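A.B. asks: Listed below are the residues making up each chain.
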Amino acid sequence: MAKWDENVLLSVEHLSMRFGGLLAVNDLSFNVGRGDITALIGPNGAGKTTVFNCITGFYKPTEGMITARHDDGKTFLLERMDDFKIPKKAKVARTFQNIRLFGGMTVLENMMVAQHNPLMIASNYTFGGIFGLSGFRNAEKEAIELAKYWMNHAGLTERADDAAADLPYGDQRKLEIARAMCTRPKLLCLDEPAAGLNPRESDELNKLLLFIRENEKTGILLIEHDMNVVMEISDHVVVLDYGEKISDGTPDQVKTDPKVIAAYLGVDDDEIEDVEQEIVKTATTEEGA
Amino acid sequence: MAEQTPNSGTLSPAMLAKDLLVSGILAAAIFTTTLGFKTETAVGGLSLEYHLGLGLSAVAVVVIGRLILWLTLWRKGPGTGGAGEIADGVFNGIVKIFAGRTKQLGIAALIFALVFPFLPFTDRYYIDLATLILTYVMLGWGLNIVVGLAGLLDLGYVAFYAIGAYSYALLAQYFGFSFWLCLPLAGILAAFWGIILGFPVLRLRGDYLAIVTLAFGEIIRVVLLNWYQFTGGPDGLSGIPRPSFFGLEFKRGEGNFADVFGLEYSSIHRIIFLYFLILALALLTNFVTNRLRRLPIGRAWEALREDEIACRSLGLNTTMVKLSAFAIGAMFAGFAGSFFATRQGFISPESFTFIESALILAIVVLGGMGSQVGVVVASIALIGGFEIFREAEQFRMLIFGLAMVVIMVWKPRGLISTRIPSIFLKEKKAVSSDMVAQGEGH
Numbered sequence: 002m003a004k005w006d007e008n009v010l011l012s013v014e015h016l017s018m019r020f021g022g023l024l025a026v027n028d029l030s031f032n033v034g035r036g037d038i039t040a041l042i043g044p045n046g047a048g049k050t051t052v053f054n055c056i057t058g059f060y061k062p063t064e065g066m067i068t069a070r071h072d073d074g075k076t077f078l079l080e081r082m083d084d085f086k087i088p089k090k091a092k093v094a095r096t097f098q099n100i101r102l103f104g105g106m107t108v109l110e111n112m113m114v115a116q117h118n119p120l121m122i123a124s125n126y127t128f129g130g131i132f133g134l135s136g137f138r139n140a141e142k143e144a145i146e147l148a149k150y151w152m153n154h155a156g157l158t159e160r161a162d163d164a165a166a167d168l169p170y171g172d173q174r175k176l177e178i179a180r181a182m183c184t185r186p187k188l189l190c191l192d193e194p195a196a197g198l199n200p201r202e203s204d205e206l207n208k209l210l211l212f213i214r215e216n217e218k219t220g221i222l223l224i225e226h227d228m229n230v231v232m233e234i235s236d237h238v239v240v241l242d243y244g245e246k247i248s249d250g251t252p253d254q255v256k257t258d259p260k261v262i263a264a265y266l267g268v269d270d271d272e273i274e275d276v277e278q279e280i281v282k283t284a285t286t287e288e289g290a
Numbered sequence: 359m360a361e362q363t364p365n366s367g368t369l370s371p372a373m374l375a376k377d378l379l380v381s382g383i384l385a386a387a388i389f390t391t392t393l394g395f396k397t398e399t400a401v402g403g404l405s406l407e408y409h410l411g412l413g414l415s416a417v418a419v420v421v422i423g424r425l426i427l428w429l430t431l432w433r434k435g436p437g438t439g440g441a442g443e444i445a446d447g448v449f450n451g452i453v454k455i456f457a458g459r460t461k462q463l464g465i466a467a468l469i470f471a472l473v474f475p476f477l478p479f480t481d482r483y484y485i486d487l488a489t490l491i492l493t494y495v496m497l498g499w500g501l502n503i504v505v506g507l508a509g510l511l512d513l514g515y516v517a518f519y520a521i522g523a524y525s526y527a528l529l530a531q532y533f534g535f536s537f538w539l540c541l542p543l544a545g546i547l548a549a550f551w552g553i554i555l556g557f558p559v560l561r562l563r564g565d566y567l568a569i570v571t572l573a574f575g576e577i578i579r580v581v582l583l584n585w586y587q588f589t590g591g592p593d594g595l596s597g598i599p600r601p602s603f604f605g606l607e608f609k610r611g612e613g614n615f616a617d618v619f620g621l622e623y624s625s626i627h628r629i630i631f632l633y634f635l636i637l638a639l640a641l642l643t644n645f646v647t648n649r650l651r652r653l654p655i656g657r658a659w660e661a662l663r664e665d666e667i668a669c670r671s672l673g674l675n676t677t678m679v680k681l682s683a684f685a686i687g688a689m690f691a692g693f694a695g696s697f698f699a700t701r702q703g704f705i706s707p708e709s710f711t712f713i714e715s716a717l718i719l720a721i722v723v724l725g726g727m728g729s730q731v732g733v734v735v736a737s738i739a740l741i742g743g744f745e746i747f748r749e750a751e752q753f754r755m756l757i758f759g760l761a762m763v764v765i766m767v768w769k770p771r772g773l774i775s776t777r778i779p780s781i782f783l784k785e786k787k788a789v790s791s792d793m794v795a796q797g798e799g800h
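Protein sequences appear in the order of chains E and H.
For the first sequence, position 171 matches number 172 in this note's numbering, and the numbering has no gaps at all.
For the second sequence, position 62 matches number 420 in this note's numbering, and the numbering has no gaps at all.
The shape of chain E in the complex, shown without the other chains (with noise of 0.2 Å):
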């Protein structure tokens, strides 16, 4: 049994998900383990963003269960959950394809939007906070450093005061996983961060997931393309083509899978045989040399 099968952070069951005649997500069923990276990959139209919103709640599965557990046992029924209620109770956040920040904020700014809750909470719901209670000032203190420790790590501390929108494309980018940082999350959904970024963003954008995982214990579920992404620092992939899970295993296991070779080399299901004898074959002449 896998490590991700025995401490589950997030079970997908039979998750199904139709948009009129196409279905898009078909019986889909994996786990998410606790502190792990989780890559779901597949070609383009697998149905890999339509897991995410529905995990996130911005869709609402047909069929399945999508069950999120805190280390605390608490266990949250997110495909029940309205959409914003999914960051703030089940702490599941997620980052967009098309980054989606507070373009005229500033980076400050942004990352005390993602703390409004418990800021609201220690403002009395705006009526302590109008008055200045010290209450709030120190929640706020509070807010601001978090804001900082998180600024800090991803490499944002210099532009804190500049507007959302003015940062550098990779900027923005980690600016998007910092800020949801900032909400505290148990799991953290990104979808395709890597996207656009050069070799040495991408690099940094590497360090930040691994300093997320070791030391925030935050699980990660991640969509990509990149496969230097993929492979260098998942624990665990999932491989969906046509909205179906054909492949679930470490980097290793996935990437002789003759399946997922298949999917994304596009063989006919009969050569799939010599596809197998051929990889298999490389991997001899590897362990030889």
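The set of hints was computed from the structure by calculation and includes no laboratory data.
Be aware that a few hints might be false.
Estimated spans, in silico, between C-beta atoms of each pair [stated by the list, open to error]:
(1) E:Y126 <-> H:W538: 22 to 28 Å
(2) E:L134 <-> H:V473: 30 to 36 Å
(3) H:I553 <-> E:I122: 19 to 25 Å
(4) H:L431 <-> E:I122: 57 to 63 Å
(5) E:D83 <-> H:L641: 37 to 43 Å
(6) H:F645 <-> E:Y126: 17 to 23 Å
(7) H:P558 <-> E:N99: 44 to 50 Å
Note that the coordinates shown come from a computational prediction; the quantities given were computed from them, not determined experimentally.
All residues carry an ideal CB built from backbone N, CA and C; glycine is no exception.
Fit chain H to the supplied structure of chain E, relying on the hints for placement.
C.D. replies: Just chain H now, with coordinates in the frame of chain E:
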């Protein structure tokens, strides 16, 4: 006419002649027909009078004016040292003087506002005008929460103003409540109606939101107009009680304001008192708005304007964020409305037409959405401008419209379009307007 003009430094006489000829023909086409002929009622019908001299002099003004412009400002071609650039230069110069001194500027403006009624040249007319301007400043600041901060285009804001005014008038008429009791009640009732309006429009975006808010404003007015038994319909409500100064009435006789303070009775006392009342209410609006901007709720409004989906992905209940913006914006309109009722002593649905909503929105947009100072400048310019052109009654709307077009072309994002961050780590840097989103319905 940029196509006709060479961009090089020199201007050939042929080009100049052509340009002047074209503008002369255009001017002649417009002015000889509009100014050159005039219909007069004569015995047995209309007769036509000819004012060709007037038309021709208008053409001459255009041609000579253009010639002077060519020889002076447009020497190096149009767009170099044009009116826009001069205006930009002057405007940026003014902004530069005050940049970084907003606090001093604010204090100076406040002191001026406080001593204004006692200045030697101030008479009743000026105080009345200042009171009117301050009412619009307050309404502009209130609407700024909804439109400028939360980015929700509200075309029916005057409805809440009406609700505030009628709340006070009706509570005073039916229950005999005093102004000071009704002021908070009017605010609360308007906020309540803000939430009522908020619910149906939560799902709407863009133009649809604007249309529904517009309809809401009309519904309120039409209800007030037709519910004759309760609101008096088109007759309005009169005899609305005047406010008292801590229980002291502004009347002749013993135990009233003038008597207690040992002053000779004068009707100006109440005018001055009303001025200070609206000044205090407007300052309260500004204070609360500025405070809210630095609180999580205010940041949530601005975040909503920037990106609603990102808000939801961070756990913000956007329903509550929108409703709170509508409610608080409406509350200030309610305060302003009850002030309006007590100042006028008479209200009718006539005062709450769509043009009022449009005027308040124009103040917010012209000032620069989200800018508190911008609202003040725009209110003074629009309401004060209206008064200056009171003589030219026929052309007032024309001038108003033309001024709006010119300003919006010159400064499309309003006079003060930069956004000041609500919090900063090291240095407060203004955010340029092209990065700030405009929200729904723009």
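A.B. asks: Take the hints in turn and mark each one as holding or not.
C.D. replies: Consistency of the hints with the structure:
About 27 Å separates the C-beta atoms of Y126 (chain E) and W538 (chain H), a value consistent with the hinted range of 22 to 28 Å. Taken as a hint, the range 30 to 36 Å holds for the pair L134 (chain E) and V473 (chain H), whose Cβ atoms sit roughly 35 Å apart. Between I553 (chain H) and I122 (chain E) the beta carbon distance is about 21 Å. The supplied range of 19 to 25 Å therefore holds. Under the hint 57 to 63 Å, the C-beta atoms of L431 (chain H) and I122 (chain E), about 60 Å apart, fit the expected range.
Between D83 (chain E) and L641 (chain H) the beta carbon distance is about 39 Å. The supplied range of 37 to 43 Å therefore holds. A beta carbon spacing of about 19 Å between F645 (chain H) and Y126 (chain E) agrees with the range 17 to 23 Å that was offered as a hint. Look at P558 (chain H) against N99 (chain E): about 30 Å separates their beta carbons, and that is not inside 44 to 50 Å.
Hint compliance for this structure: hint 7 is the single one not met.
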